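Asker: Those protein sequence lines, which keep their order, are chains X and D.
If you want the working numbering, it's the position in the first sequence, counting the first as 1, plus 66.
If you want the working numbering, it's the position in the second sequence, counting the first as 1, plus 67.
It should be emphasised that the hints constitute simulated quantities derived from the structure, not laboratory data.
This structure is a prediction, so every number in the text was calculated from the model and none was measured.
There is no bait here: all hints are sound.
Covered stretches of chain D (in silico footprint by chain X; criterion: 3 or more residues with CB under 8 Å from a CB of chain X, positions within the stretch not fixed):
1) 129 to 138
2) 185 to 197
The following residues of chain X were derived to be distant from chain D, with all beta-carbon distances above 12 Å:
3) R79
4) V84
5) R120
6) P161
7) M165
We treat Cβ as the ideally placed atom computed from N, Cα and C, and that holds for glycine.
The primary structure of each chain is shown beneath.
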Amino acid sequence: METGQRIECQWCRTQNQVGARTCVTCGAPLDVRNLVSDSGWREAPRLRDMTEFRFAQSVCQVEGEIVPVAEVSLGAQDWVYFEHHVMLWKDPQVPLSVMPLQGGARRMLAGMPFIVSVAQGQGRIAFSRDATGEVVVLPLQPGWELDVREHAFLLASHSVAYSFVRVKGLRNILFGGQGMYMDRFVANQEQGLLLLHGYGNVFERYLQPGESVVLEPGAFLYKDSSVQMDVQTQQLRTGLLGGTGINLVRMTGPGRLGIQSMYVHHKSE
Amino acid sequence: MSTYTCRWCGLSCDPDNQASCPHCGAPVDVREEVSDSGWEELPPIKDMARLQCGQSSCQVEGAYVPVADFNLAQGDGVYFAHHQVLWMDPGVQISVMPMKGAWRRMFAGLPLIMVQAHGPGHIAFSRDAPGEMVAVPLQPGTALDVREHIFVVANHAVEYDWFQTNVWYTCRTGNDNNDTETTFPIGQFMDRFVARDRPGLLVLHAAGNAFVRTLAPGQRILIKPTALLYKDPSVQMRLHFEQPAFSSWRPFGRWGNSYICLELAGPGRVAVHSAYDPLELPGNIVQNSPATVSRW
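Build out the structure end to end from the sequences listed, making use of the hints.
Answerer: Structure, rendered in structure tokens:
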């Protein structure tokens with residue numbers, strides 16, 4: 067969308083210069099129309115191979131299409147953090163360290179990554195996950211809080227605060243498809259960048275206040291912290307054999323909701 | 068008004084208003100991709116393509132792991148294996164579809180229950196592997212045999228049945244004669260979908276890419292058993308063993324029945340997908356269903 071002498075990115079709302087083909091903040095193509103299904107799901111922008119975008123003094127380039135790689139050229143004052151097994155390669159001079167985290171024992175017991183690693187600039191480091199999918203680029207504006215399912219997180223910039231929240235309710239923990247905790251990313255003072263890996267294709271929808279959608283638990287990828295989740299069991303009666311139930315997650319707005327179409331996590335879990 | 072006959076499903080549509088066939092989703096502006104050996108590559112359904120089935124519609128979304136998003140009209144319904152649902156509107160009603168032979172299905176590893184959903188509302192399906200959605204419109208009086216665990220969803224105009232494949236082999240797995248294991252390389256049962264008196268829509272998931280060819284009467288082809296996607300009921304199938312010739316670097320004589328194929332004999336369509344499961348061969352074969360053998 068052109069506003070005056072600028073083009074607004076339909077994914078992250080950043081204003082870009084006229085003539086730009088991709089958004090400078092999230093890499094979304096600016097010359098491709100949105101793909102929105104009749105049911106209201108918007109496909110995450112399919113990043114062009116070798117697309118570049120910026121955060122702080124760093125540049126991120128997304129390479130490949132089937133299992134994409136996020137390659138970051140870190141500026142001297144910048145750093146990113148990530149789950150340690152998602153690093154694909156790095157320059158020898160890029161120092162790695164461990165991010166101090168609270169609740170290490172709880173994280174370990176809950177199956178979350180016990181160690182979150184930090185890479186400090188200056189130099190290059192690249193990340194990918196182990197299955198077909200899409201890199202989802204989510205620039206976070208100050209004050210935004212995003213909840214992300216376990217093992218979907220690829221990397222975040224230093225200006226994004228990381229914590230984790232316990233999933234509320236025993237039914238949600240047992241049948242919600244994502245364990246006891248979710249990652250929570252918050253941009254406090256300045257804009258930050260969060261990259262996720264969605265398995266398969268990724269779709270996003272904005273739920274109005276009170277609007278609901280019912281999901282396969284493994285399909286959940288991310289949501290605004292304002293979106294409420296609640297597991298519900300659909301009973302299926304089979305007569306002679308009694309019956310069975312399907313556990314589904316009901317998401318209720320307001321807020322953004324992201325899902326992935328390949329809903330079983332493979333080796334990462 | 069000109070009409071366009073889809074080269075994939077053979078049905079007519081109006082090309083002026085459609086970027087893809089409303090019956091099967093094949094793009095109308097794509098040229099035929101046929102290998103030198105005669106396999107026709109299934110044209111991937113374009114992102115956001117819409118299919119029409121009765122008063123309902125289906126939109127296929129995504130490219131790597133596509134989603135089949137049904138907009139069910141009042142009174143219309145679909146059925147599916149219950150783990151295929153990706154999301155649905157809260158108002159969509161789901162229930163169990165009555166089926167015969169529950170115990171045999173359970174022992175054969177087939178989904179024990181089939182779930183049906185009724186409109187109005189949206190319900191979407193996907194599988195958990197990269198590949199393609201294959202939409203097969205079934206005309207009245209036609210049927211299709213589909214290998215197990217390929218089926219995603221069908222509308223209520225399509226009847227569901229299943230039959231024994233009679234394709235199996237038994238291997239000795241230990242020193243004792245009783246230590247045997249029977250393998251069904253295409254599954255113990257196959258799904259059969261039939262459109263009786265009205266057109267129906269059947270949606271399958273192919274892992275990787277999908278290819279189809281039509282076998283002439285008596286024409287045979289050998290395929291990896293786990294690569295079979297679907298076939299016309301007129302296509303006959305049986306096991307086939309390939310025994311490579313003696314090799315000097317393997318001084319113990321011939322290989323065992325190392326190469327196991329599925330022989331398909333026309334007439335009729337057969338389709339394969341390019342990403343298949345490995346086939347288990349736990350030991351020497353001691354018994355098998357009717358089979359042909361080639362020794363080289």
